[in-house]
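Chemist: Chain residues, written in single-letter form:
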Amino acid sequence: MLPKLPFFKTKEPKNQSKVFIPSRREFLKISSLVTGGFVMGINFQCAGPKGEVITFAPNVYINISSDNVITLIAHRSEMGTGIRTTLPMIVADEMGAEWSKVKIAQAEGDEEKYGDQNTDGSYSIRMFYEPMRLAGGTARQMLQAAAAAKWGVDVSECSTENSQVLHSSGKKIKFGDLVADMGKMEIPKPESITLKEFSSYKLIGKDVMIYDAKDMSTGKAIYGADVDLPNMQIAVIRRSPVVGAKVISFNDEKAMAIPGVNRVVKIEGAGNPPGLDKPLEGVAVIADNTWAAMKGRDALEIEWDLGENQTYSSSKQLEEMLKSTTGDGKLRRERGDFKAAQRNAGKRIERTYLAPFYAHATIEPPAAIAHYQGDGICEIWAPTQHPQWARQAVADALNIDLYNVTVNVTLLGGGFGRKSKPDFVVEAALLSKAAKSPVRVQWTREDDLHHDFLHAQSAQRIKATLDKNGNLSGWNHHTVFPAIGATASATELHPSDGELGLGCIDFPFDVPNIRIESHESKAHTRIGWLRSVSNIHHSFATNCMLDELAEAKGEDPVDFLSGLLGEDKNLNFEGEIKGQFGNYGESIEKFPLNTGRLKRVIEIVAKEANWKNAVAEGKAMGFAAHKSFLTYVACIVRVEKGADGKLLIPEVFYAVDCGIGVNTDRIRSQFEGGAQFATSLAMTSAITLENGKVQQNNFDGYEIIRMPQSPKKIHVHIVESMEKPTGVGEPPVPPYIAALCNAMYKLTGERIYQLPFKA
Amino acid sequence: MDNKYTLTINGKKQEVTAPEDMPLLWVIRDLLSMKGTKFGCGQALCGACTVHLDDKAVRSCSMPISAVGNKKITTIEGLSKEGDHPLQKAWVEHVVPQCGYCQSGQIMQAAALLKENRTPSGSEIEAAMAGNLCRCGTYNRIKEAILTASKS
Ligand code: FES
Ligand code: FES
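In order, the protein sequence lines correspond to chains A and B. For the first sequence, full-length UniProt numbering begins at 1 and goes up steadily by one. For the second sequence, full-length UniProt numbering begins at 1 and goes up steadily by one.
Don't take every hint at face value.
[As the list claims (entries may be wrong)] Derived pair list, reagent style DSS-like, types lysine-lysine, alpha-carbon separation capped at 30 Å:
(1) 12(B) x 712(A)
(2) 12(B) x 214(A)
(3) 220(A) x 89(B)
For the record, the hints were derived by calculation from the structure and aren't laboratory data. No experiment lies behind these values; they were computed from the predicted model shown.
Turn these sequences into a full structure, and let the hints guide you.
Modeler: Structure follows, in structure tokens:
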């Protein structure tokens, strides 16, 4: 039985057809499945995350019921970016639906129906802006045609507004009254759809309130742990304290003696490497309620074979990593001859930068619910960023047919990359099967910090040369950090091309001699991706070094950076990058790196912050600019010492060029939140491991910024642009950290070379 | 040992049977199936589980049921009948939530503050809200929303 949840699509379960082909017959079938209204599935194509063409079959359901209720399907996961609002809003605007009455339903994980649902990489808007407009435009054109036929008028005289078709004579008809006629129509081809003029949009380009604001403010919003199923039991798991550890034996006598504990089940882990989609080895206590399961878990006695990572020390590894950067590494990009630049230099500057492991620490710890119903059928409710991966991982773990796994997506209490991984969902599925009942797996905060897929710690060394005139003539960037790929394959010793494409080999400045090298390191814990990924440490090093170079040259850092970008041009790094340049999955022709756009945000942010005057007045301000996820951002942070000697961050200025700003309120909120998130990375948070074990247990050891220390006024200037829209979830983070560090230098006279810094 | 407790929660009397050390959070979520109050840390470090005991904000994750006594419990579901407490209205007006997960706790904490201090200053708000974490970083809008509510 399905729980009564407002945003889940109720549906006929199981064994749905493999590919939904939007023929009229199929429509009618689906229509009758839903509400008896008109349901449109549209087959469009768009570029996937790696630039491949994927079929959208269909990505969108537009459901118009005869009582004029319009339901739009959100197929991407909502973790705080507002995407569950913004994509349907695009459809609604293009079709002329009355937004305040539109209902949004969340799609389950199904790649064949919805296309890519991996909500990650800041690409929802970039990937789906066009298809959503096309979907809305198709509906609008059909509605107009149906009304024109009914009235016997020319379709060019019809338009839509407030879920009605209007005729130039003033006649009106509700969308719902056209449902029956539309069922008989053919769907127009995408080439025949004329989209609205941008200026006529009422929602796109404006501040639009998120759909869930009221539910989230009244306790009604449903997250991962909030689904209740009849006879559901709760599981809490003791997982391997060291990655790769195996259970030798366990004694569950004391655990079983706790009232409410029903069963203890061992979960087999993958060992080493741990994998990106596998559970860790562990012993689960399954109980009537969470508290009994937690107490049962504490009472378990487990003997572990801790395995090869039991002597691992993150601080020792970081020292070794740093040392490795003194030698030659693997060449990843080369322009000119850096070694010659070094020989001819007027001045050489060499600096190193260290950053720690970071945990995601979403306030909602991972939780997932599974109901294995026997007969190879399993239904999941989970706060997952990647329902399709979860579906596949569950099918693999239970060895059942993919089509017998349904993944319902709840709201996510934060994601930041953690909830892409389906390990916690697989745990729930395995335990539901073992317990023969629905099971909720509940992670505690300690579990979350001990067993995260961490952002990798990193060491970097940058050597720069200034020529006799003081101009930057050489840039040699060494970077080393355990690769994400190493979590799945132990032979991955260097960061991938993709990871280096995040703020390292895409160094956009006009420096004649560039040499970028990576060094080897091993993963001894699970490595994953965290909001903006390796841009975090790459931008920290690059932008702090550039600030120091500006000073060495005696130039204002804003002028220095703009100057280094040279003429406005598109960069393609032709012949320089060894390996693939990822460009965030887009072709460099479609999304070039344009130095003019970066210069423009630099210019704007300096103006907004009144940079020149403020610097002249001696205000402690720091600056950085960084393009990531195809979005151009410049940032200025101001710091001061409060009366109590504590650091204050009274003001932050951002200028962002993300192409068309689709939902401007949510763009601003991502930057506001991004500044807070980045403050934690810069100042308060670090994960360390000794004897293979994470040393931090809860928010006392792994601190994130609290309201009193948080940056105060955050000004966000969104550049007006008609360029293709790009994402904003991650881009606020990378430049902020460096801008803050550069501001700290102005305040204290000391440069920051290691994160997190104390102030 | 399981005991019987009679709780007054959102104005309603509820009987529950629970061990005396069960935190109020799990009584509310698991035994009473009210899901608005959230679990974030279990150690009184994040504020996600904040409820009121007789108008005072407490961390329900760290309050054993045996310590509740006959104090009145208010959760986010009981803060207002129609979800129209001035803070809830201000939260929507300022579009405070991002992921929204911490917001029940934030609102309950803020409501306790306003009960005690009708017109808090900016720094009083910061001090009162320091125990409530928001990983999405909605702090500035939270502050603005509290100021708006305090003027209504
Ligand atoms: S869950 Fe109670 S304070 Fe964090
Ligand atoms: S809104 Fe996401 S944790 Fe606060």
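Chemist: Next, verify each hint and record whether it holds.
Modeler: Consistency of the hints with the structure:
1. Only pairs whose Cα atoms come within 30 Å are accepted, and residue 12(B) paired with residue 712(A) is rejected, the gap being roughly 41 Å.
2. Our distance criterion of 30 Å between C-alpha atoms is met by residue 12(B) and residue 214(A), whose separation comes to about 24 Å.
3. Restraint check: the Cα-Cα separation between residue 220(A) and residue 89(B) comes to about 15 Å, which is no more than 30 Å; the hinted pair holds.
In this structure, only the earlier hint numbered 1 is contradicted, and the remaining ones agree with it.
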